[in-house]
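Asks: Residues per chain, in single letters:
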Amino acid sequence: MSATTLAAAPPAGRARVTLRLVLAGAILLLALLPALNRLPADAALHVSDFTIAVTGKWITYAILALSIDLAWGYAGILSLGHGAFFALGGYAIGMHLMRLIGPRGVYGHPVLPDFMVFLGWPELPWYWWGFQHFPFALLMALFVPGLLALVVGWLAFRSRITGVYLSILTQAMTYALMLAFFRNDMGFGGNNGFTDFKELLGMPLNTGNARAVLFYASLAALLGCLWLCARITASKLGRVLVAIRDAESRIRFLGYDVTQHKLFVFVLSAMMAGLAGALYVPQVGIINPGEFSPGNSIEAVVWVAVGGRGTLAGALLGAFSVNALKTWLTTVAPEFWLFVLGGIFVAVTLFLPRGLVGLLDRRGTGR
Amino acid sequence: MAARLPGSCMKHRSIGLLLLVLAVLLPGVAVSAQQQDAFAAQVAALAGGFAQQAEAVERLGASGDPRALPILRALSEGRLRKLPDGIVLEPGAEAPSEAEAIRINNRVRQALRGALGRLSIVSPDPAERLAAAEAVFRSRSAENVPLLETALAREGVPRIRAQMELALAASRLVATDESVKRAAIARLGGSGSTDARALLLEARAANPSLLLEIEAATAAIDRQLAIRRTGETLFQGLSLGSVLLLAALGLAVTFGVMGVINMAHGEFVMLGAYTTFVVQEACRGVPWLLPWSLPLSIPAAFLVAALAGAALERGLIRHLYGRPLETLLMTFGVGMILQQAVRIAFGAQNREVLSPAWMQGTITLPWIGVPVTQNRLWIIVFGLLVFALVVAAIRFTRFGLEMRAVVQNRRIAATMGIRTGRVDALTFAFGSGIAGMAGVALSQIDNVSPNLGTGYIIDSFMVVVFGGVGSLAGTLVGAFTLGVVNKVLEPWAGAVLAKVAVLVALMLFIQRRPRGLFALKGRAAEA
Chain A
1 MSATTLAAAP PAGRARVTLR LVLAGAILLL ALLPALNRLP ADAALHVSDF
51 TIAVTGKWIT YAILALSIDL AWGYAGILSL GHGAFFALGG YAIGMHLMRL
101 IGPRGVYGHP VLPDFMVFLG WPELPWYWWG FQHFPFALLM ALFVPGLLAL
151 VVGWLAFRSR ITGVYLSILT QAMTYALMLA FFRNDMGFGG NNGFTDFKEL
201 LGMPLNTGNA RAVLFYASLA ALLGCLWLCA RITASKLGRV LVAIRDAESR
251 IRFLGYDVTQ HKLFVFVLSA MMAGLAGALY VPQVGIINPG EFSPGNSIEA
301 VVWVAVGGRG TLAGALLGAF SVNALKTWLT TVAPEFWLFV LGGIFVAVTL
351 FLPRGLVGLL DRRGTGR
Chain B
1 MAARLPGSCM KHRSIGLLLL VLAVLLPGVA VSAQQQDAFA AQVAALAGGF
51 AQQAEAVERL GASGDPRALP ILRALSEGRL RKLPDGIVLE PGAEAPSEAE
101 AIRINNRVRQ ALRGALGRLS IVSPDPAERL AAAEAVFRSR SAENVPLLET
151 ALAREGVPRI RAQMELALAA SRLVATDESV KRAAIARLGG SGSTDARALL
201 LEARAANPSL LLEIEAATAA IDRQLAIRRT GETLFQGLSL GSVLLLAALG
251 LAVTFGVMGV INMAHGEFVM LGAYTTFVVQ EACRGVPWLL PWSLPLSIPA
301 AFLVAALAGA ALERGLIRHL YGRPLETLLM TFGVGMILQQ AVRIAFGAQN
351 REVLSPAWMQ GTITLPWIGV PVTQNRLWII VFGLLVFALV VAAIRFTRFG
401 LEMRAVVQNR RIAATMGIRT GRVDALTFAF GSGIAGMAGV ALSQIDNVSP
451 NLGTGYIIDS FMVVVFGGVG SLAGTLVGAF TLGVVNKVLE PWAGAVLAKV
501 AVLVALMLFI QRRPRGLFAL KGRAAEA
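Chains A and B, in that order, give the protein sequences.
Heads up: the first sequence at position 188 corresponds to 188 in the working numbering, and the numbers run straight through without jumps.
Heads up: the second sequence at position 251 corresponds to 251 in the working numbering, and the numbers run straight through without jumps.
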């Protein structure tokens, strides 16, 4: 697989400063949103509940985009299965939320979630044990995607499966998981997944308070991930990753353990995606196997492509801009959204190989 | 008008009269004159009182005479008429105004039900005869033996004969004579039917002296059933394999040979299926063409998909050569646009593509007795045919030669005067056209909906990777292997888990042989 030299080096000089300023401003603005939500409804700067909910969702998408960017933009691992890590993280928190419903379910069973009562399960299966504790669920939201990435990544990188082969392999992975989670006897609610959550950490969901807390938690997670990614990419490890992306064989012959480097970044990226999913589910109030669909993963990849891969700001920019466009278009002209999204795929790959960030860079888009 | 007069007179004749004439004119035909009289007498009795009617109905039913069937049916439906003088009119004949419908009561109705049931075994309609033979088989009564013997003497259709013989054996099993029973058990043992097996198990208690024979017979049935089940699984696997082959063959050309990753491949399959639908709708205006709309769709679907493919290659993909990841994303977007365009043009709901009569129904494969649906059989044949065509096109045509030359060494090919750009476009169009033809086949067994292709794209890639990228033989073997393995696993694991298991197994397989089953060797493999 030939190296993709198009994945941009981060912009330098003034463009870089501009980018950082814009980023800091945007994050500050985001941090203000829940406060503005508290203003009286007729105030000029009032922000609606809907905006908070939608923006909170986008922040989790931005974390997902960041995780994809780390793997793809820096290490050249184009995973078309990151939606699976995201969904697994979501399912882990979803299981916790289901346990918290307790006897408030439709069937009023003290332990079993409604769908298990409905399907006649006698008791909680072993893999549901422990999910009544929030720390355990959160740990699983990171651990399970990480473990899956470790196994798949080890199998793939060890055999030097790279490029499109790896992409298709990861796509098959999320597809297989989708099929599996659609089954009722998996014990994850089948087709309907989990919904009808009541509370998290003692606060009832669907109140302004809970929304604000989740919003700030997501923002904090985003900042944390951003900081981590910045540290990694600026380190020697980050430079080795970029080198692997551009000339894998050469790095291997120079004596670096390519498999381990890739495995590290892939697992870390999967855990970030899992964290994003864990923050996403309480905010949208539902998780179902549709989240595993290959289309979701590839859409997330396009956020990164639009923003500009290989730059952390690009991932955030892409996630926010594409999703803003989606939210707006699917209400205004829903039937055109897929045309636009498809068009974005084509336009970005053909005309904007370095994404929106590339536009900022005055060095141009030179190939 | 004058010419029709005798005809209209004829319609008024009574059955009795006709039979009389027949009896006089044709004394030598199979049914003797005496029987004719008996039949005519029973029919005449239908015009009498209720008790007389019931008796006549029962006699007619027991006679096993096929002519009685339409008469009794007409009687049960209140369509049988008689003249005031008691002459019964032929059912369906134009009745004079003085004719009145023959009325029946519940007792007659009951007798009719029994008689009609028995008579349907001599019905002119083969499907009815088969159903009747099956019903008699299930009723298991020694009384049916004479009826079955008469019916068997007339029967010409082998399949119905077999069913009747089975029914006869089942009826004889409850008879008294030991040797007759023994023969019946042997006959049932040879049938290989689950019903016969149940019957034999049931008969065990009543016939302790025949236990050995019964055991042998059930064991024989079990053997046959096992063979048949294996055959069925194999056929289902081959059927799935042929579908995978069709879907993957185009990909084997565009991805395998050219190295272009086309995520819109599934949408080309979908375009082919919709072309089939459009051709069918166009043929509706010309009734004699309608049964041939499916064969006509094959070149049409090839052309549509090939044109779309050529446009995609020339317009977009060619700018991304050497950048496979970008090609992947871009073609995915194209697939998305195609899907949505079709959804808007044709609606999101499934479109119905009819099967021509010659593809409908099931046939039983000889020597293993496995029933298979014809359309699946045709798809297997079609898949192999398309495969042969693709191999021949690549190996024996000028285009195939140029294509291989460009793949092996683009620069040298160009210096030899091959227009490489044109070959690229043609190759991609060729692969896309094959996808279109796959769509024609899939329209027969899957829902024609905008997301028809998405379900196949991942499987197709798996087939190509498993078989070995760049090897058509690998695609063939890969498709059928995956199909059969899937279907073999299904009874144990269920359809979804089988699929998951195959995916996992594939991932492990790639560990052992990263280049697939049929790996290319030498310099071409490194490219």
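What the hints contain is simulated information worked out from the structure, not anything from laboratory work.
Ideal Cβ placement from N, Cα and C applies to all residues, glycine included.
There's no promise every hint is true.
[Stated by the list, open to error] Far from chain A by the CB rule (all over 12 Å, computed), these chain B residues:
(1) Phe50
(2) Arg109
(3) Leu130
(4) Glu134
(5) Gly259
(6) Arg323
(7) Asn350
(8) Thr454
(9) Gly455
(10) Ile457
[What the hints assert, rightly or not] The calculated label-pair distances, taken between Cβ atoms and stated as ranges, are:
(11) Val381/B <-> Tyr127/A: 44 to 50 Å
(12) Gly347/B <-> Ala41/A: 38 to 44 Å
(13) Arg239/A <-> Arg411/B: 47 to 53 Å
Asks: Work down the list of hints and note, for each, if the structure agrees.
Replies: Here is how each hint holds up against the structure:
1. The Cβ of phenylalanine 50/B lies farther than 12 Å from every Cβ of chain A, with a closest approach of about 56 Å, so its non-interface assignment holds.
2. No beta-carbon of chain A is positioned within 12 Å of the beta-carbon of arginine 109/B; the least distance is around 47 Å.
3. Under the 12 Å C-beta cut-off, the non-interface status given to leucine 130/B relative to chain A holds; the minimum distance is some 39 Å.
4. Under the 12 Å C-beta cut-off, the non-interface status given to glutamate 134/B relative to chain A holds; the minimum distance is some 36 Å.
5. At roughly 9 Å from the closest C-beta of chain A, the C-beta of glycine 259/B falls inside 12 Å, breaking its exclusion from the interface.
6. Distance check for arginine 323/B against chain A: the nearest CB is about 7 Å away, which does not clear 12 Å, and the non-interface claim fails.
7. Every beta carbon of chain A lies more than 12 Å from that of asparagine 350/B, the smallest distance being close to 19 Å; the non-interface claim holds.
8. With a cut of 12 Å on Cβ distances, threonine 454/B falls inside the contact zone with chain A, its closest approach being about 8 Å.
9. With a least CB separation of 10 Å from chain A, glycine 455/B falls inside the 12 Å interface cut-off, contrary to its annotation.
10. For isoleucine 457/B, the requirement that its beta carbon stay farther than 12 Å from each beta carbon of chain A is not met, with the minimum near 9 Å.
11. Checked against the hint of 44 to 50 Å, the pair valine 381/B and tyrosine 127/A passes, with Cβ atoms roughly 47 Å apart.
12. Remark: the range hint 38 to 44 Å for glycine 347/B to alanine 41/A is upheld by a beta-carbon distance near 42 Å.
13. Evaluation of the 47 to 53 Å hint for arginine 239/A and arginine 411/B yields a failure: the beta carbon distance comes to about 35 Å.
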